[in-house]
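The opening residue of the sequence shown carries number -7 in the numbering used here; numbering runs sequentially from there.
The hints are simulated quantities; they were obtained by calculation from the structure and are not laboratory data.
Among the clues, some could well be false.
[Stated by the list, open to error] Pairwise CB distance ranges (calculated):
no., residue 1, residue 2, range
1, E33, K96, 35 to 43 Å
2, E33, K95, 17 to 25 Å
3, E10, Q31, 19 to 27 Å
4, K96, K39, 33 to 41 Å
5, A50, K0, 18 to 26 Å
6, I92, G32, 31 to 39 Å
7, R13, K43, 25 to 33 Å
8, K95, R34, 31 to 39 Å
9, N17, K39, 17 to 25 Å
10, N15, N37, 25 to 33 Å
11, L(-4), G88, 14 to 22 Å
12, A76, K0, 28 to 36 Å
13, K96, M38, 13 to 21 Å
14, N37, K96, 14 to 22 Å
Beta carbons are placed, not taken as given, at the ideal position from N, Cα and C, and that holds for glycine.
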Amino acid sequence: MFGLKAAKEAERVLKFFEEERSNDNRPRRAIEAIRAWAQGERKLNMKEVRKLSLDAHASAREVKTDAAKFAAHSAGQAVGTWHAPAHALGAFGYAGRAVIAGKKKLSKR
-7 MFGLKAAKEA ERVLKFFEEE RSNDNRPRRA IEAIRAWAQG ERKLNMKEVR
43 KLSLDAHASA REVKTDAAKF AAHSAGQAVG TWHAPAHALG AFGYAGRAVI
93 AGKKKLSKR
């Protein structure tokens, strides 16, 4: 349950990341993996979850805007709910920060 909710929240802000790095699918892969697992469509293991999470977090270091960075971190936290449901809090927290940063970005235009 936490995994699915975290995936939905991370996907809601993924646009901020994909606007900046449309060819980088690491955060999207993390979101898709946890959603598929939460819906019983896929099995995951610790090695795979760790890689998906670390890859999403690494992608956050490669973007320029805070909105994109927080969106990628949200995805990394979402997939982490597989082993620790409390990571859902991180997914929601980063998603909220992405929304705030995204609004600031829009107001500067």
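Hint check results:
{"no.": "1", "hint": "E33 to K96: 35 to 43 Å", "in the structure": "holds (37 Å)"}
{"no.": "2", "hint": "E33 to K95: 17 to 25 Å", "in the structure": "violated (34 Å)"}
{"no.": "3", "hint": "E10 to Q31: 19 to 27 Å", "in the structure": "holds (22 Å)"}
{"no.": "4", "hint": "K96 to K39: 33 to 41 Å", "in the structure": "holds (38 Å)"}
{"no.": "5", "hint": "A50 to K0: 18 to 26 Å", "in the structure": "holds (23 Å)"}
{"no.": "6", "hint": "I92 to G32: 31 to 39 Å", "in the structure": "holds (34 Å)"}
{"no.": "7", "hint": "R13 to K43: 25 to 33 Å", "in the structure": "violated (19 Å)"}
{"no.": "8", "hint": "K95 to R34: 31 to 39 Å", "in the structure": "holds (34 Å)"}
{"no.": "9", "hint": "N17 to K39: 17 to 25 Å", "in the structure": "holds (19 Å)"}
{"no.": "10", "hint": "N15 to N37: 25 to 33 Å", "in the structure": "holds (27 Å)"}
{"no.": "11", "hint": "L(-4) to G88: 14 to 22 Å", "in the structure": "holds (18 Å)"}
{"no.": "12", "hint": "A76 to K0: 28 to 36 Å", "in the structure": "violated (18 Å)"}
{"no.": "13", "hint": "K96 to M38: 13 to 21 Å", "in the structure": "violated (37 Å)"}
{"no.": "14", "hint": "N37 to K96: 14 to 22 Å", "in the structure": "violated (39 Å)"}
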